[in-house]
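On the provided structure of chain B, position chain Z as indicated by the hints.
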Amino acid sequence: MKVRLVDVAHARSGDKGDTANVGVIALRPEWYPIIAESLTMERVASHFAGVIDGGVERFELPNLNALNFLLHGALDGGGTLSLKTDAQGKVFSTAMLRMVLDVDDARGRALALPAAPV
Amino acid sequence: MTSSAAKHRIVRVASGQGFWGDWLDAPRRQVEGGPVDYLMLDYLAEVTMSILQKQKERDPSMGYARDFIGAMESVLPAVVERGVRVVANAGGVNPLACARAVLDVARERGAAGKLTIGIVTGDDLLPRLDELITSGHPLANMETGEPLDTVRDRVLSANAYLGSTPIVDALARGAHVVVTGRSTDTALTMAPLRHEFGWAADDWDRLAAGIIAGHIIECGAQCSGGNCLYDWRNVPDLANVGYPIVEGQSDGSFVITKHPETGGWINVPSVTEQLVYEMGDPRSYITPDVVADFTSIRLAPDGENRVRVFGITGRPATDKLKVSIAYRAGFKAIGSLVYAWPDALEKAQLADRVLRERLDAMGLRFDQLLTEFVGVSAAHGPLTVATGEAPEVQWRVGVRSSDRKAVERFTREIAPLVLNGPPTVTGFAGGRPKVEEIVAYWPALVDKTVVRPHVEMLA
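Chains as they are written, first to last, in this note's numbering: chain B, 25 to 142; chain Z, 1277 to 1735.
Okay, chain B solo, but in the shape it has when bound (with noise of 0.2 Å):
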């Protein structure tokens, strides 16, 4: 089954230099092991491939049921050098939330997890 990421997680991101950081939060604690399963570096990585210019680094947090991702080269320099509108990074959390995972339909039903609309 699909499961939109932004009906099983909340998030909130921020920024260090041009490095934009997005923590992801599993709304239910059954439902982070499907979250840190699906949200790998790589996936991670082509979800924002033409979005940031660099390397995705991914960290575990399960005692908050969270993962950590830091994105690099991501701000357009970042800071006062920026020119975008997010020039810190603040909306980042919510275009990691557009990802849709692909969850096998029996672990799905059996977490209860929200199927994407179809």
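Incorrect hints may appear among the rest.
[Stated by the list, open to error] Capping the alpha-carbon separation at 20 Å, the derived lysine to aspartate or glutamate pairs in EDC-like fashion look like this:
| hint | chain 1 | residue 1 | chain 2 | residue 2 |
| --- | --- | --- | --- | --- |
| 1 | Z | LYS1598 | Z | ASP1507 |
| 2 | B | LYS114 | Z | ASP1557 |
| 3 | Z | LYS1598 | Z | GLU1407 |
| 4 | B | LYS114 | Z | GLU1554 |
| 5 | Z | LYS1596 | Z | ASP1478 |
| 6 | B | LYS26 | B | GLU61 |
| 7 | Z | LYS1681 | Z | ASP1723 |
| 8 | B | LYS114 | Z | GLU1407 |
| 9 | B | LYS114 | Z | ASP1507 |
| 10 | Z | LYS1596 | Z | GLU1419 |
| 11 | Z | LYS1681 | Z | GLU1712 |
| 12 | B | LYS26 | B | ASP128 |
Think of the hints as simulated: they come from the structure by calculation, not from any bench.
Showing chain Z alone in chain B's frame:
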């Protein structure tokens, strides 16, 4: 106090300001809304120091966060009559002038002689930059690795981030108010806890807990319902949002809460959102005092608008301090026009092509020329999924260049499009875009041993 009472003693540190420009009313609300022992006010963002440096060059009595003086005026009765102590990094590049301005206000309000201010300095490395570079401290850019020599002649300010120790010292010497220059945001919260509970300088777990308490409340209402994505529609009464308060205990555990009868909310999701804000490697949150491990944090609900935080561990601090350097990095300008239905996006796109053709024809060169279509793709760029025709679009275009003249010429090219470009255009009442000098941020590291924090008391 019995040992059991000491164990359960609570110290309340309230956050009253998350950045310079935050809600003017928040500090007063924090000291009047219920019991607090300390009020923590954070004023300094990364490039704030350079703005303050420029102000000090024009007027030697300036160079600090002016908002702080108004904040002090509004909380003065609580400080003088109830003993609430204030810790703020409002001193900028001139903590002494800041402290004097606070004393002036106290005098005007009849509180002369009732206020002792601790002043923390020693963070300013600008006068020592050349000495540092020649003695083997290259102050290389942490992101690019370039030595500071590359931009040395354009440096405006250079400040080491100081930790909690000088603040603790000032509190121990009886300061009612501690004014610092560039201290870490988190030290403003951790120092009062360390002072009250007597935590040792190598009590890594407790110091880390204090730092994480500071991280949670340093952005003001951002942990108590402000900018909260989780269930945002149901966040109650944001107009009356309560700023966060840490209820610290001697073992390093603490509760995040807010005053009763205030809006917003404090729950595990709201605190978690703030925990991941501006996070790097969660296992190594490096501060001058300790390396905190965010993967050790445990959160638990503790009643209405209360979250208990415990289990935090830390590791020994490094032998470096971070240095925040600001330097002149050219010029920029950003202009915009608004195009209306029908075909708003196509019109904005045509305007953009026309502008670029004219800039090309004049041979102007920019380091960057960035176009965004606000209402269509400014927030999420190519990730945006179109959901029908945009009713209106703001065309927003910016340039950056070391050549001031090129940027100035660009600012003359927006308004003409109102009459000689695509139709149904408006939103030009602001006039020509303003040319801004860019003051950029250069993060570096320096050996701790070369920075000498200093505490001075003023009464």
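Check each numbered hint against the structure and report the violated ones by number, ascending. Failing hints, ascending: 1, 7, 8.
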